[in-house]
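Model the placement of chain L on the given structure of chain D, informed by the hints.
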Amino acid sequence: MGGRGGGGGGRKARNFATFRLFPRAGAADPNDRVFVRVDNNDYTVPGFADEDSFDPSLSDPSAGDGNFHSASGPLPEHVRREILELGLPDDGYNYLSHLRELRPAAASSFVPSSTARPEPLPLDVKAYDASRVRVGPSDGELDEGKTMCKVAAKTAPVRRIEKAVDPDVVRLLDESDVSHVGSEDEGLEEDFVIIANRAEGEELEEEDIEEWNGVLSDVEEEFDFEEDEPKPRVRRLLDEQFDLLALEEYGDSDDDDRVVKDGEYELPSEAIDELKLFQSQNVCVDEEYRTPADFVRQKVDSSTTDEVDESAHVIKKCAEYAERYLNETAEEEVVVLVSESSDESEVWDCETIVSTFSNLDNHPGKIETPGIPRKRLPRVFPGETTTTNDIIKLHGKEKLPVEYLPQRRRNGEKEKKVKPVEASVTDKFKKGAEKETKEEKKARKAAVKEEKKEARKAKKELKGLYKSETQKAQKVAAVTGPSSIRLIYCGKHFGLFEIMT
Amino acid sequence: MAAADLAYAPPMKSGKAGFEAGLMDPQHRIRITLSSRSVKNLEKVCGDLVKGAKGKDLKIKGPVRMPTKVLHITTRKSPCGEGTNTWDRFEMRIHKRVIDLISTPDVVKQITSITIEPGVEVEVTISDA
Numbered sequence: 001m002g003g004r005g006g007g008g009g010g011r012k013a014r015n016f017a018t019f020r021l022f023p024r025a026g027a028a029d030p031n032d033r034v035f036v037r038v039d040n041n042d043y044t045v046p047g048f049a050d051e052d053s054f055d056p057s058l059s060d061p062s063a064g065d066g067n068f069h070s071a072s073g074p075l076p077e078h079v080r081r082e083i084l085e086l087g088l089p090d091d092g093y094n095y096l097s098h099l100r101e102l103r104p105a106a107a108s109s110f111v112p113s114s115t116a117r118p119e120p121l122p123l124d125v126k127a128y129d130a131s132r133v134r135v136g137p138s139d140g141e142l143d144e145g146k147t148m149c150k151v152a153a154k155t156a157p158v159r160r161i162e163k164a165v166d167p168d169v170v171r172l173l174d175e176s177d178v179s180h181v182g183s184e185d186e187g188l189e190e191d192f193v194i195i196a197n198r199a200e201g202e203e204l205e206e207e208d209i210e211e212w213n214g215v216l217s218d219v220e221e222e223f224d225f226e227e228d229e230p231k232p233r234v235r236r237l238l239d240e241q242f243d244l245l246a247l248e249e250y251g252d253s254d255d256d257d258r259v260v261k262d263g264e265y266e267l268p269s270e271a272i273d274e275l276k277l278f279q280s281q282n283v284c285v286d287e288e289y290r291t292p293a294d295f296v297r298q299k300v301d302s303s304t305t306d307e308v309d310e311s312a313h314v315i316k317k318c319a320e321y322a323e324r325y326l327n328e329t330a331e332e333e334v335v336v337l338v339s340e341s342s343d344e345s346e347v348w349d350c351e352t353i354v355s356t357f358s359n360l361d362n363h364p365g366k367i368e369t370p371g372i373p374r375k376r377l378p379r380v381f382p383g384e385t386t387t388t389n390d391i392i393k394l395h396g397k398e399k400l401p402v403e404y405l406p407q408r409r410r411n412g413e414k415e416k417k418v419k420p421v422e423a424s425v426t427d428k429f430k431k432g433a434e435k436e437t438k439e440e441k442k443a444r445k446a447a448v449k450e451e452k453k454e455a456r457k458a459k460k461e462l463k464g465l466y467k468s469e470t471q472k473a474q475k476v477a478a479v480t481g482p483s484s485i486r487l488i489y490c491g492k493h494f495g496l497f498e499i500m501t
Numbered sequence: 001m002a003a004a005d006l007a008y009a010p011p012m013k014s015g016k017a018g019f020e021a022g023l024m025d026p027q028h029r030i031r032i033t034l035s036s037r038s039v040k041n042l043e044k045v046c047g048d049l050v051k052g053a054k055g056k057d058l059k060i061k062g063p064v065r066m067p068t069k070v071l072h073i074t075t076r077k078s079p080c081g082e083g084t085n086t087w088d089r090f091e092m093r094i095h096k097r098v099i100d101l102i103s104t105p106d107v108v109k110q111i112t113s114i115t116i117e118p119g120v121e122v123e124v125t126i127s128d129a
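Protein chains in written order, with full-length UniProt numbering: chain D, 1 to 501; chain L, 1 to 129.
For reference, chain D alone in the conformation it holds in the complex:
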C-alpha cells in the first residue's frame, strides 16, 4: 500500500498508538466499554484512555502500559490511603484492582445477608409491628371499635421478631445453671408444704408425713426431716406404734429405700385405714393387760358393745384358725403326685414331634425351591441303545450329532418319534398294511422337515447372540483401522470376517 521508504534495515518508526474497546472490568453492563491501549509503542496520546481507576492489565494481558505498574516499588500514597481506609492490609498489593464499582444502572442491589437470620416465629404465634400506633388520650375516645380500627390500621404483621437481648437477662440466663446446685437458703425449701402444714394441728401431721413421704424427691431432705420431726414434739404412743410399723414393713432396707419411688415409701392404704380405725377407737391403754375374753365376759367396766362384739369375733376366729392348723398338719403327709403323661398328651402334634427330635440324630435341611435340572449330556445316551457301534451319526443340514445333544434335541427326537408313530397309526386305519412304503416315505420326510425347522431355530438364536460382537468389532475398526473395512457376520461359520476393499 503506502510507500515504504525506510528499507529493510531498521524497523519503521512506530509513532502510533492503538486502542481497543474493552468492557469495563467489574461492570455489570457489557456495553460499558473503555479504550485500552494494546500496543507497546512510545507514542503517547494524552486525550485518550486516560482513566485512573481502571487497571487494564486485568482485562487485556497484552497491554503493557497500565495505569500503574503495580509490581514496581511501593504503591503511591493515595492508593495506599484508600486501601487502608477500606480496611484491607497494606502489604504492597493493589487491592483496589479487585474492587467492583456499584453503578446505579447495574442490576445488583444490596441484599441483606440471609445467614444471620433471627429465629422465625413459631406457627401458632403471630406478631405485629405496632411501632406506629399512637397511644394516648389524643382524641379522648374510648370507643372500642374505633380504637381497634386505628390500631389495626397502623400495625403491620411481622414474620420475624428479633429477640431483644438485654444484658441483664443474658447474665441471668447464664447464671441459672450454676444457682441450681448450691444454696438452699434462697428460694423455696423442698418440703415447704410440710413445713407450712406443721402449723396446722398436730394429729393430722402423722398421716401427712406418711403421705408426703411419697412426694418428697430429695433424699436428704427426707432423712433430715424424719430425724427432726419427732424432736420438737412430745413423742406419743402413736409415734412409737408408727415406728414399729415402719420397721416391720420395711425392715433393714431403710438405707437403700431412701431413694423414693412414689408409692413405695407410703404405707399401703390398708395400713393407713387400720391406723385411722385404731385412732377412732380412742384406745386408752391402761396399766392392766386385757384380753378379748375379758371384754366378752364383761369383766371390764368401760367396754362398748362394739368392743364386746369384736372381741367375741376375735376369739371365734382364733379358735377356727387353731382347728384348721391342727387339721392341716394331719393332711399334709399325703402328697399327691400327678404324672405328666395324661390322656391329653397322647395326641401328637407337630411341635411335640419336632421338639422330641434332637439334632444329634436328626439333621434337618432347608427347604429350597427345586432347581432346574440341567443335564448337559443325557446320562443314558439314546444313541447307545440304538447303535452299539462307535459311530456318531450326524443328521440334518448342520451335521449335528443329534442323539448326543442336550434336552431340546431329545424332545425333538421324541416328537419325531411320536409323529411318525401317530401318522402310521392313522394311516393304518385308512389303507392297511400294503401302503407302508408310502407311510415310511411320509414319516421320513416329516422327520427331515422337523430337523430343518430345529436347525433354523438354532441358527437364529446363535445369530442373535453374536450380533453384538459384530457391532463391537465395527467400533474397534472405526477407531483404529481405515473406514473402508466392512464387517459381516457369517452365520455358518460362527465368526466375523473382514472384507478388505
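Treat the hints as calculated values from the structure; they're not laboratory data.
None of the values given here were measured: they were computed from a predicted structure.
All C-beta atoms in this analysis are idealised placements derived from N, C-alpha and C, irrespective of residue type, glycine included.
Be aware that a few hints might be false.
[Unchecked claim] Cβ-Cβ distance ranges computed for the label pairs, FRET-style: (1) I94/L x G464/D: 52 to 60 Å; (2) I372/D x E82/L: 32 to 40 Å; (3) R14/D x T68/L: 27 to 35 Å; (4) K44/L x P120/D: 50 to 58 Å; (5) R93/L x K463/D: 46 to 54 Å.
[Stated by the list, open to error] Computed list of lysine-lysine pairs in DSSO-like fashion (alpha-carbon distance at most 27 Å, straight line): (6) K276/D x K317/D; (7) K449/D x K393/D; (8) K61/L x K109/L; (9) K475/D x K463/D; (10) K397/D x K467/D; (11) K150/D x K126/D; (12) K442/D x K393/D; (13) K467/D x K77/L; (14) K61/L x K475/D; (15) K40/L x K12/D; (16) K472/D x K77/L; (17) K442/D x K397/D; (18) K12/D x K61/L; (19) K459/D x K449/D; (20) K96/L x K12/D; (21) K460/D x K397/D; (22) K467/D x K399/D; (23) K475/D x K393/D.
Chain L alone, transformed into the frame defined by chain D:
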C-alpha cells in the same frame, strides 16, 4: 502496517496541520477498525460512526470493507466411529470495516462512545497527522 500507511502525507493535510489556530491543535490520523461476526450490527455501527463524523465535519474515509474471513471447522458427525461417515462443516464469518478520520482524539472518543453495539469489536489507532 498502520504506520506504513500513515507515513504517506498528502500536501493538503500538512498545510492544514500547520495552521496552528485551528479547531484543536493536535490533529491526528485516526483509523477505526471494526470487526464483527454479524454484518447487520457492523453495518449499523459503521453507519453511525460515519454519520457522527460527518456531523462534526471531519475528513472521513470510509467504510472500507475488508474481505470476510471464513473460519472452517470440519468434524465427524458421529460421536463414535459407527455409521456412515458423515461430516459437519462449521464456519465462522468475520467481517471487517475500516474507517479513516482526521481529527482530535477526544472527538473520536465522543463519537465512539455513542454507538455501542454488542458483538462489534472496535480498535482505534491514532497516529500523527
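Now for the hints, and whether the structure bears them out:
1. I94/L x G464/D: 52 to 60 Å: holds, 54 Å
2. I372/D x E82/L: 32 to 40 Å: The hint (32 to 40 Å, Cβ to Cβ) holds, given that I372/D and E82/L are roughly 38 Å apart.
3. R14/D x T68/L: 27 to 35 Å: holds, 29 Å
4. K44/L x P120/D: 50 to 58 Å: Since the Cβ atoms of K44/L and P120/D sit about 53 Å apart, the hinted range of 50 to 58 Å holds.
5. R93/L x K463/D: 46 to 54 Å: Since the Cβ atoms of R93/L and K463/D sit about 51 Å apart, the hinted range of 46 to 54 Å holds.
6. K276/D x K317/D: Measuring from Cα to Cα gives roughly 23 Å; hence the hint holds.
7. K449/D x K393/D: Holds, at roughly 18 Å.
8. K61/L x K109/L: Holds, at roughly 17 Å.
9. K475/D x K463/D: Holds: K475/D and K463/D sit about 19 Å apart, inside 27 Å.
10. K397/D x K467/D: holds, 22 Å
11. K150/D x K126/D: Given that 27 Å is the threshold and the Cα spacing comes to 19 Å, the pair holds.
12. K442/D x K393/D: holds, 22 Å
13. K467/D x K77/L: Judged against 27 Å, a Cα distance of about 24 Å means the pair holds.
14. K61/L x K475/D: violated, 59 Å
15. K40/L x K12/D: violated, 37 Å
16. K472/D x K77/L: Holds - the C-alpha atoms of K77/L and K472/D are around 19 Å apart, at most 27 Å.
17. K442/D x K397/D: holds, 19 Å
18. K12/D x K61/L: holds, 24 Å
19. K459/D x K449/D: holds, 15 Å
20. K96/L x K12/D: holds, 25 Å
21. K460/D x K397/D: holds, 15 Å
22. K467/D x K399/D: At roughly 23 Å apart (the allowed maximum being 27 Å), K399/D and K467/D satisfy the hint.
23. K475/D x K393/D: violated, 41 Å
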